[in-house]
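Chains A and B are the protein sequences, given in the same order. For the first sequence, position 111 matches number 111 in my numbering, and the numbering has no gaps at all. The number in my numbering is simply the position in the second sequence, starting from 1, with 296 added.
One or more hints might be untrue.
[Said to hold, decoys possible] Below, in silico cross-link-like pairs of lysine to any residue (SDA-like), each with a Cα-Cα straight-line distance of 25 Å or less: (1) B:K625 / A:L126; (2) B:K346 / B:L585; (3) B:K625 / A:D123; (4) B:K494 / B:Q526; (5) A:K163 / B:K625; (6) A:K257 / A:T76.
Hints were generated in silico from the structure; no laboratory data involved.
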Amino acid sequence: MTAEQPRPDWSAAAPGAASPSAVTDRSPVAGDRPTAVGDGVVGDGAVGGVIVVQTVFKTYALGEIEVHALNGVTLTIDRGDFVAIMGASGSGKSTLMNILGCLDLPTRGRYLLDGVDVRGMADDDLADIRNRKIGFVFQSFNLIPRTTAIANVELPLIYAGLKRSARRARAERALVRVGLADRMNHLPSELSGGQQQRVAVARAIATNPAIILADEPTGNLDTRSTLEVLDVFTRLNDEGRTVVLITHEDDVAARAKRVIRLRDGEIIEDHRQVPHGASVHRYGDPVNGATEVARA
Amino acid sequence: MNRENFRIAIQGIRSNRLRSALTMLGILIGVAAVILLVAVGNGSSKSVQKQLQSLGTNILTVSRGGFGRGGNTNGTQSVIVNLNAADVKALSDPINAPDIKSVSPVRNATSVTASTGGNTYAPGTFQGVYPGYAEIKNDQVSVGRFFDQADQDAHANVVVLGTTVVQNLFGSATANPVGANVKFGSTTLEVVGVLKSKGTNGFQDQDDIALMPLTTMEDHFTGSTTGYSQIVVEANSRGSSNAASSEISSILDSNHKITTPTGNEFRVLNQASLLSTSSNTAHTFTVLLGAVAAISLLVGGIGVMNIMLVTVTERTREIGIRKAIGARKGDVLGQFLVEAVLLSVLGGILGVIAGLVGSHFKVVGIQPVVQMYSVFLAFGVALLVGLFFGIYPANRAASLRPIDALRYE
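If we strip away everything but chain B, and leave its shape as in the complex, we get:
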């Protein structure tokens, strides 16, 4: 009897193709929307995470406090610390800071113009760092080498450039500038390496950079009396970055004799927590998109119910005939329920196809990433929607009295 129900239902669907197609379209759009919108949400979350990961997930940046806070939040004058060599030394101590892997101070110099062979360019980021900085930031050298401890100790006049800087100074991002001398301000530095391109992190061009030993930077550009711009810290792992963060706070507090921290003396930016915040946001975004899509699936389900009610009314006489020649209540119920479920399942299959095809295209600049769970969820919900919204019309058909149904014109 079940197979008969299928045959009868397929016949019912085929006998009114346009109407069946439109009903399926409702479910199709719902299912495709769920798959596609969840994929867009997921895709945007993935791209934000990728950007943050390219910054390094276990990196903590310590910078001097004060900016962005107005300096005075609770009525007391907070002390703004200058990050110094003692801090770097203390943070590098594996006993006091067991979760910290390596440390590099950073000194920024601004508005330094580089020139060579008639080209001039001011790199967006012009920094003096420790040789270990490359490993912390996961910087790799495509040509030449990164400067080493010997350069650092010798206060060598060497520089490593990002590809954007190379392009602006040497005319092409693929030019090999190793060995060339570039004049930064009044100081001539020898290019020893070019960094592998990292692209943009969403905020700035990471290739617009020039790096030199900290000692060289202090000698020629910034001096060594002021505090460091930043101290970049690498935690042992992504999981230990919160522990590293509190170690940094306590070490700096004790170094600078801060007894009642206001949180304003220095700032520790934890990349991992930034990542989890952003993935929480992305998750909320995905859920929201999914909910909107789920509503359209529900609307599609109401469409199924609507059309099934019309079908039942239209086929009242047929129901009467079937009952007169011996169809039981269950036979009629099954016939219309199978028809409703079949409509939504076929719509669901087409919706899955549409969703999967659609997710190959960029949506508002985001490459959607399909999540398998959303495919099964959307399809499963479509099936349940057909069942749920099919029950009422099917039951209505099955409960018709044969004489009444036969008399229906």
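Bound conformation, chain A alone:
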């Protein structure tokens, strides 16, 4: 409920900021400009290409048969963009999501995340990348049960190695951002679906990642909760955060600035649009942050 600055510098002390070269050194590609991790300069017109996917293939072996989940996808997503990836089930969008989120590695092709080539990285290095550069939001919330909202948000900060007081402060700010200042000590089971998903969003932004990846974040939510969560994404994007969202719902995709359609592991459509984001006012004040969004 405190009046916050639209672009607070709470990300300034992002973990890993001290040694971005440790990971960026792995990809000395000419023309690439390694961006400092979590440098706190979000959306201030920094040169794009936070995600660069170059002719990526992903092949699964199902017994004798090879399944080509991705068939040479090339894609660049700029810093500060809001992208919706759409497609029917089996189109390869989840595979793409896993690769973008460094949960899985491409069979062929290159993937540069924030200037870092993730090819051939060790598991622990991938874990660090996920921790510092990516904020995940899942369809099924994936909060740790029997653990309070704030403890859930603190979790990535624990793995980032932050001191207890620092992480608490940061987790509190993240929860305030998503409008859950008064629900910090609630257990997931005591929260509504929309509130749980907003806790998940707070967890995703806690480490101040380069991108927020959301895999059908509204798939398990009712209309009202969907709006709450989408408003949060819109607001985060307004603050300059890069948001990549997977969905098969058109009205969710309507919030994005760019829509990419996949079919059979290939991009069949890629267009920019004017985001449809004025719903906040029409649906009243469902979240604490709503007025703030209007101000921004």
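Go by the hints and put chain B onto chain A.
Just chain B now, with coordinates in the frame of chain A:
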């Protein structure tokens, strides 16, 4: 991160209290069993040793051979010696027997009934001994005195009674019979002292005894022509009792001109060797009990592993979430390993408490005596068991691929 692992692990343990409690119970029982059973073994060994020590640890008893052996073990007729005054004299010689401190012959008379004031009683042990016997046997007098050399020389009609005899003749174990005359058979003896109660030695009541000078015994009951029933020998120390034993054998062999000893002519009972035999037996007993308990500790450890495997499977999705948001392999490994070790350590602490409390009670008539080493050993093994049986489940959790773990329903 370590402190975080502890917090997460405690949360994990608390989130499923019943299951955690049952797992800990396995370890608890194991640790408590090790402590308690080793204490019982140790307690029984202590009580046997105490009984034997009350007999005197540096005492050797020489008795005539023959009984219990059938007399003929190797086809030749063995000579059974009669222990006599010459033997006693030779054994008392400090030059020939440097390890022997003192010697007393013993003559037993059986079935002698004592009577006084209308009460009659036949003492279980009725012996004539030297005055030095009291010191050898560590007998002390609670009232009056033990008979002395003057009594011995004067063939005095005196007797010293054990408390059981006093109780039966005078109606109470605390009665003071000193000065009273007691008729043994047809001979009247004056009570000069009462022996301090020694209780039972596990075989017989040591207070059911009446002692008089050897000379008196020979005069009135046994005569002096037959051999002594026993010669009781006190070695200089417990350590020299084996040396004393061989001195006795060689002196008696030469006294009785035995050139090819068959071991059957006389018998030397060495209290110290009896003690070491019994403590060996007790040690074996303790080890055996400890081993049985150790097996139950192992079973408890398997319980920890079992429950950790269930926990890992149950929390696969949680592991996936943690990995997705940046947990390294080591973080997940640490979390589950700390949880397993914490389960067994908490169970171990409770087990130590249970074992220590339990050892205050008698178990099958034996007062357990806790040995500190068993407490540390049991606790240490519980910790290692948690570590050992926790590694596999924790490693399994840490090796899960995040996408697979996230997909797990």
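Going through the hints against the structure:
Between K625 of chain B and L126 of chain A, the direct Cα distance comes to roughly 11 Å. Compliance with the 25 Å bound is thereby established for this hinted pair. Among the hinted pairs, K346 of chain B with L585 of chain B is consistent with the structure: their alpha-carbon atoms are about 21 Å apart, no more than 25 Å. Between K625 of chain B and D123 of chain A the alpha-carbon distance is near 8 Å, which keeps this suggested pair within the 25 Å criterion. Straight-line distance between C-alpha atoms of K494 of chain B and Q526 of chain B comes to about 21 Å, which keeps the hinted pair within the 25 Å bound.
Only pairs whose Cα atoms come within 25 Å are accepted, and K163 of chain A paired with K625 of chain B is accepted, the gap being roughly 21 Å. Under the criterion of a C-alpha separation no larger than 25 Å, the hint pairing K257 of chain A with T76 of chain A is consistent with the structure, at around 14 Å.
Violated hints are absent here; each numbered hint is respected by the structure.
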